[in-house]
Each structure stands twice: as C-alpha cells, then as structure tokens.
Amino acid sequence: EAGVAQSPRYKIIEKRQSVAFWCNPISGHATLYWYQQILGQGPKLLIQFQNNGVVDDSQLPKDRFSAERLKGVDSTLKIQPAKLEDSAVYLCASSARVQGFGYTFGSGTRLTVV
Amino acid sequence: AQSVTQLDSHVSVSEGTPVLLRCNYSSSYSPSLFWYVQHPNKGLQLLLKYTSAATLVKGINGFEAEFKKSETSFHLTKPSAHMSDAAEYFCVVSVQNQKLVFGQGTRLTINP
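In the order they appear, the protein sequences are chains A and B. First residue of the first sequence: 15, per our numbering; consecutive thereafter. First residue of the second sequence: 1174, per our numbering; consecutive thereafter.
Hints are computed from structural coordinates only; laboratory data are not their basis. Be careful, since some hints might not be right.
What the hints assert, rightly or not - Part of the chain A face toward chain B, derived, beta carbon under 8 Å: (1) G56; (2) F119; (3) G120.
Said to hold, decoys possible - Quick list of in silico lysine-lysine cross-link-like pairs, DSSO-like style, CA-CA up to 27 Å: (4) K29(A) / K92(A); (5) K1215(B) / K97(A); (6) K25(A) / K1222(B); (7) K58(A) / K1215(B); (8) K29(A) / K58(A); (9) K85(A) / K29(A); (10) K29(A) / K76(A); (11) K25(A) / K58(A); (12) K1231(B) / K1242(B); (13) K97(A) / K76(A); (14) K58(A) / K85(A); (15) K85(A) / K1231(B); (16) K1231(B) / K1241(B); (17) K1241(B) / K1215(B); (18) K76(A) / K92(A); (19) K58(A) / K1222(B); (20) K1241(B) / K58(A); (21) K1215(B) / K92(A); (22) K1242(B) / K1215(B); (23) K97(A) / K29(A).
For clarity, every value in this text was computed on a predicted model and none was experimentally measured. Glycine included, every Cβ here is placed at the ideal spot set by N, Cα and C.
Please model the complete structure; the sequences and the hints are all you need to start from.
This is the structure in structure tokens:
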C-alpha cells in the first residue's frame, strides 16, 4: 500500500512569514496526526484528527498554528507568522484506529526559519 | 501523565556485538509501549510493540524488548549489531488510547 505522503520535503522561510504543509494519509485511515520534531528531541504531538474532527490539539500553539482536515482525508498544517523556534521536522502520521499502535509516519517536512 | 526516559543519548557498539538501549517509563495506568527507529532523512518505522500480552516482545530485524513492570523498564536488545542498525531509536508510551509520547531518542552508532 502507498505510504503517508507529505510535501514539501524541505522549506526555508524568513521569520514572520507564513508556511503550509500538506499530508495525504493512507487510504481509509480515519485518524491523522501532526507531530513536531525539534532537532535532538523526540516528536511531540501537535494535533490529532478523527475523520475531520479534532481529538486533541492541547499542544498546538493556536496563536500561530492552525490545521484542518477537510472531508476527512488529506490535511494542511499552517504556521503564521513563523518564529525561529518553529524550525523543526513536521511529521504526519495516520492510523486506522484511535489507539496508538498501527501508526504509519510520513517522511516529514523539514522547516528552517531564518 | 505518562512519560518515558531514555537513559542514554548515544550508544556506540562494534559490529557483531550485542546492543542494549535502555528505556524507563512512567504511567498511572497499564501502558502500551513501542520502539521506533528513524534512519537519516527517513520516516519513523515501528520496530516492536507491547500491548499487555507477552512481556518479551520480538520485533523486526532481530530486535526484541522485555516489559518489566517491577522495574518500569522496556529495554531494547539485539544479539548482534549490523552496520545497517545505525540510526536514532525512540521509546514511546501510550495509555488508554491516548497520543504517543516519545522519549528523547538514543543515537546508535555501529563501529566496523
């Protein structure tokens, strides 16, 4: 089966600019996750969707980050305005069930804010 | 809240020797535990998972881990390291169908 697709692979922007990342999960996977992985750290969950509804966004900096999953399929994560500390790899994952196993991760988008 | 602590940020072993990556967890409930591997510029790959069945869990590529409730540990082992095992390894905990919580990672280096 096709994996989780993410684009772009790399992005460099200046601080205060905006940026958007796209994720297409595995077909039929109802649950979609966005993680932020800062260099030298483990991934941290930003937001979890079940179909097109938000299950957990407790660690999403809502003043600058937003995410949507229209039609319960692909998803977009946006940062506006970006800060230097947003430099990280943004990972998308999907699973067929809400439980934490059976995840499939995408290769991620590496964001550099200068 | 649940958490994991990976006791070594970097482990270096020679090819053909055993690998031990240490992980302790903290959880108020019965946890599900996982090990993921991340090769450079690649996505995260599941090595193995523990979900309250057998305490000794076998995964891919010869890795295994043992769940020890009394020690709150879930250490990852492999009898004989291969050059292709060089990567970042993450211990992960999940409780009651909640989000995955990752450790800080252990970088494994294999010396020829």
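So, going through the hints one by one against the coordinates:
no.: 1; hint: G56; result: 3 Å, holds
no.: 2; hint: F119; result: 4 Å, holds
no.: 3; hint: G120; result: 6 Å, holds
no.: 4; hint: K29(A) / K92(A); result: 14 Å, holds
no.: 5; hint: K1215(B) / K97(A); result: 25 Å, holds
no.: 6; hint: K25(A) / K1222(B); result: 33 Å, violated
no.: 7; hint: K58(A) / K1215(B); result: 17 Å, holds
no.: 8; hint: K29(A) / K58(A); result: 22 Å, holds
no.: 9; hint: K85(A) / K29(A); result: 31 Å, violated
no.: 10; hint: K29(A) / K76(A); result: 17 Å, holds
no.: 11; hint: K25(A) / K58(A); result: 20 Å, holds
no.: 12; hint: K1231(B) / K1242(B); result: 17 Å, holds
no.: 13; hint: K97(A) / K76(A); result: 14 Å, holds
no.: 14; hint: K58(A) / K85(A); result: 25 Å, holds
no.: 15; hint: K85(A) / K1231(B); result: 38 Å, violated
no.: 16; hint: K1231(B) / K1241(B); result: 15 Å, holds
no.: 17; hint: K1241(B) / K1215(B); result: 30 Å, violated
no.: 18; hint: K76(A) / K92(A); result: 10 Å, holds
no.: 19; hint: K58(A) / K1222(B); result: 19 Å, holds
no.: 20; hint: K1241(B) / K58(A); result: 25 Å, holds
no.: 21; hint: K1215(B) / K92(A); result: 22 Å, holds
no.: 22; hint: K1242(B) / K1215(B); result: 32 Å, violated
no.: 23; hint: K97(A) / K29(A); result: 5 Å, holds
Hint compliance for this structure: hints 6, 9, 15, 17 and 22 are not met, and every other hint is.
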